[in-house]
Structures are given as C-alpha cells and as structure tokens.
Amino acid sequence: MVRKRERLDIIRDILKVIRENRKIKPTRLLYSSNLSPQMFREYINELIAKDFISLDVDKKEKKTFSLTKKGNDFLMQYKMIENFIENFGL
Amino acid sequence: MYEFIISNKEVFKIFYALIIGFICAVIVIKTDRLFNLSLHKGIRYFRNAFFFYGLAFMTRYFFGSPFACGIAGEKYFQFVNFVFEFFLIMAGFFLLYSLIWKKIEKSEEGYKSSLFNLKILVFYAMAVIIAIMDYLWTTRSFMFVSQIAIFLFATIISYNNYRRKGKKHLFLKFYFIAMILSFLAWLSNAIAGLYLKWNQAVLIEVYILNVIIFLIFLYGVIKVTKKW
Numbered sequence: 842m843v844r845k846r847e848r849l850d851i852i853r854d855i856l857k858v859i860r861e862n863r864k865i866k867p868t869r870l871l872y873s874s875n876l877s878p879q880m881f882r883e884y885i886n887e888l889i890a891k892d893f894i895s896l897d898v899d900k901k902e903k904k905t906f907s908l909t910k911k912g913n914d915f916l917m918q919y920k921m922i923e924n925f926i927e928n929f930g931l
Numbered sequence: 062m063y064e065f066i067i068s069n070k071e072v073f074k075i076f077y078a079l080i081i082g083f084i085c086a087v088i089v090i091k092t093d094r095l096f097n098l099s100l101h102k103g104i105r106y107f108r109n110a111f112f113f114y115g116l117a118f119m120t121r122y123f124f125g126s127p128f129a130c131g132i133a134g135e136k137y138f139q140f141v142n143f144v145f146e147f148f149l150i151m152a153g154f155f156l157l158y159s160l161i162w163k164k165i166e167k168s169e170e171g172y173k174s175s176l177f178n179l180k181i182l183v184f185y186a187m188a189v190i191i192a193i194m195d196y197l198w199t200t201r202s203f204m205f206v207s208q209i210a211i212f213l214f215a216t217i218i219s220y221n222n223y224r225r226k227g228k229k230h231l232f233l234k235f236y237f238i239a240m241i242l243s244f245l246a247w248l249s250n251a252i253a254g255l256y257l258k259w260n261q262a263v264l265i266e267v268y269i270l271n272v273i274i275f276l277i278f279l280y281g282v283i284k285v286t287k288k289w
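Chains as they are written, first to last, in the numbering used here: chain A, 842 to 931; chain X, 62 to 289.
Treat the hints as calculated values from the structure; they're not laboratory data. A portion of the hints provided could be inaccurate.
The following label-pair restraints were derived from C-beta to C-beta distances [said to hold, decoys possible]: (1) A:Gln879 / X:Lys163: 16 to 24 Å; (2) X:Lys234 / A:Asp914: 25 to 33 Å; (3) A:Asp914 / X:Leu176: 54 to 62 Å; (4) A:Lys911 / X:Leu79: 30 to 38 Å; (5) X:Lys163 / A:Met880: 31 to 39 Å; (6) A:Glu847 / X:Leu255: 42 to 50 Å; (7) A:Asn875 / X:Ile193: 45 to 53 Å; (8) X:Leu276 / A:Asp914: 23 to 31 Å; (9) A:Arg863 / X:Ile193: 41 to 49 Å; (10) A:Lys911 / X:Glu71: 46 to 54 Å; (11) X:Ser202 / A:Glu847: 37 to 45 Å.
In this text, a Cβ means the ideal position worked out from N, Cα and C, and glycines have one as well.
The following block holds chain A by itself, in its conformation from the complex:
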C-alpha cells in the first residue's frame, strides 16, 4: 500500500518542483503536485503566507510561482527537520 503523503512531504514536493523549474505556471504546478485543486489552493496560499514561494505576474498578466530564499532554506533543512521528527517520535 502506498503511504499517504504527510503535509511536510507535500510541501517539499511542491517546493522541489518550483526549484527545478525556477518559474512555473499554476496549472503545471497543480498537475505536478498530484493534489486536488482545492487542496492545491490551500497549500499554495499557506506557502505564500509563509513566504516560501512568491506569485509573480508579468506585463501580460501571466502568473508564475518562484521560490523565495526562505523556501530554498526550507528545502535545504528539510532532511534535518524530517530527521528530528522521526528521531523524537513527533
């Protein structure tokens, strides 16, 4: 049976996709994230609120997501956070 993705795993996956693409359109990110549109919106709103990603709108009103420094830091520290959670049974 496939393990259900934890919240932190989902956040990591979204951030990784954005990092790999540098800038990514909302629709492409939705497909890559394997989330329902509603869940996707919730996660994206949370990530923007936490300042992990930013929503950029160009002159043609095209929207793209990009990773902020805080989001990049999170990805770097993700392994440590995961280790901490597992080692302390949290």
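Guided by the hints, dock chain X onto chain A, whose structure is given.
Chain X alone, transformed into the frame defined by chain A:
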C-alpha cells in the same frame, strides 16, 4: 559526599536550576528554529514542553531560593510553589502531547498562537486545577499522580516508537530510556515526598536523574541539528 551536598543544598539548588535552565534554553532556541521553518506541530509541542520545564525549574530553584528572595514570607513561597507546579505539569502535558498530537489533531489545522489553542486549553485547565488542589491540601500528591501517569503513558508510547522505527532512527532508543528515567524519577520523588519525609539522599538521586534526562534530550537535539 551526601552530607556536604545537604549542608550546602541551597547553593547546589541554584546551580541545578541554572544547568537545567540553560539546557532548556538551548533546546527551545534550536527547536524554535526548526518549528519556524516547518510549522510542524509535534516540534511546536516539544519546544513548548522545554519552555515550560525551563520556567518551572528557574521559578522553583532560583526565584524560590532563600538566597534569591531574601526574607520573603511564607505566602511568597506558597505562590512560587503554585507557579512551579503549574509550569511543571504543563511541561509534562506538552511532552506527552508532542507524542500523540497526530491522533487528535490534523496537521493542516492552523493556530495563530503557539502556546494557546482550544485543545491545549484543556491542559491549562487541568494544570491549574491540579496546582490549586495541591495548594489547598498543602501537598504535592496530585502533581505526583498526574506526572507518574503522564510518564507511564509516555514510556509506553516511546517504547512502541522504538520498537517500530528504532533501527532506522537511533535516538528513539535514548528517548525511550529518558522516559523510563523520568518515570522512575517521578516515582522516587513521590515516594520520598509522601512516605520518606523528603529524604534528602533520595532527592539528590532524583536531581541527578533529572540532569541526566535533560542531558539526553540536549544530546539528541544537538546531534540532529549539528549541521546548522
């Protein structure tokens, strides 16, 4: 050795409080960084536990020391004891809750405050009630019973965690050992307080056990976050 410690116990108690206060401060600072980055609730409750442990030990052994508060009256010491009990019980609740929160809350639920939410309010209420009951009956029995129950439960949970994932995550074994030691420390403290007229030799052993327990947690936190 025991006689030397007992005759200078107030000085030793201040050092004891400072050592545990320092350990708690390091754990809180390190885990607060992890929490701010992840907003993981387990890390939040774990951090809160050591925040309250730090407050409890500093309150009791520093602000409650005859050196620190001079000729303060009995009412002052009763108040310090009440606050100490409240902080200590809250710390125990938070530590246990950090192990079981996933069964009670959803990780998506967001809270504005780190120290208060509706579910945690139950712990605050219970901690206040236990501290008030001990104050009214001038005893520590209610706190002892609550903490022995909490650490018995935490020992069982940490044993299960160790059995399931201990080979992959090595600190789970130390966590389990820390929980057994905490349970034994509370049990010895209760026996010393309720049946042995606060036997000083037993209490010194409890203090030593407590320092070992906090050092185990400090070791775990530093080991996992050492690359930071």
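Hint check:
Distance hint check for A:Gln879 and X:Lys163: the Cβ-Cβ separation is about 22 Å, which falls inside the suggested range of 16 to 24 Å. Range check, X:Lys234 to A:Asp914: about 31 Å between beta-carbon atoms, so the 25 to 33 Å window is met. The given range of 54 to 62 Å is broken by A:Asp914 and X:Leu176, whose C-beta atoms sit roughly 25 Å from each other. Look at A:Lys911 against X:Leu79: about 35 Å separates their beta carbons, and that is inside 30 to 38 Å.
For X:Lys163 and A:Met880, the Cβ-Cβ distance of about 19 Å falls outside the hinted range of 31 to 39 Å, so the restraint is violated. The hinted window of 42 to 50 Å between A:Glu847 and X:Leu255 holds, with their beta carbons roughly 44 Å apart. Take A:Asn875 and X:Ile193: their Cβ atoms lie about 51 Å apart, and the range 45 to 53 Å holds. Checked against the hint of 23 to 31 Å, the C-beta distance between X:Leu276 and A:Asp914 comes to roughly 30 Å, which is consistent with it.
Separation of A:Arg863 from X:Ile193 is about 59 Å and departs from the stated range, judged on CB atoms against 41 to 49 Å. As the Cβ distance of A:Lys911 to X:Glu71 is approximately 47 Å, the hint placing it in 46 to 54 Å holds. In this structure, X:Ser202 and A:Glu847 meet the distance hint of 37 to 45 Å, their C-beta atoms being roughly 41 Å apart.
Hints 3, 5, 9, counting from the list given before, are not met by this structure.
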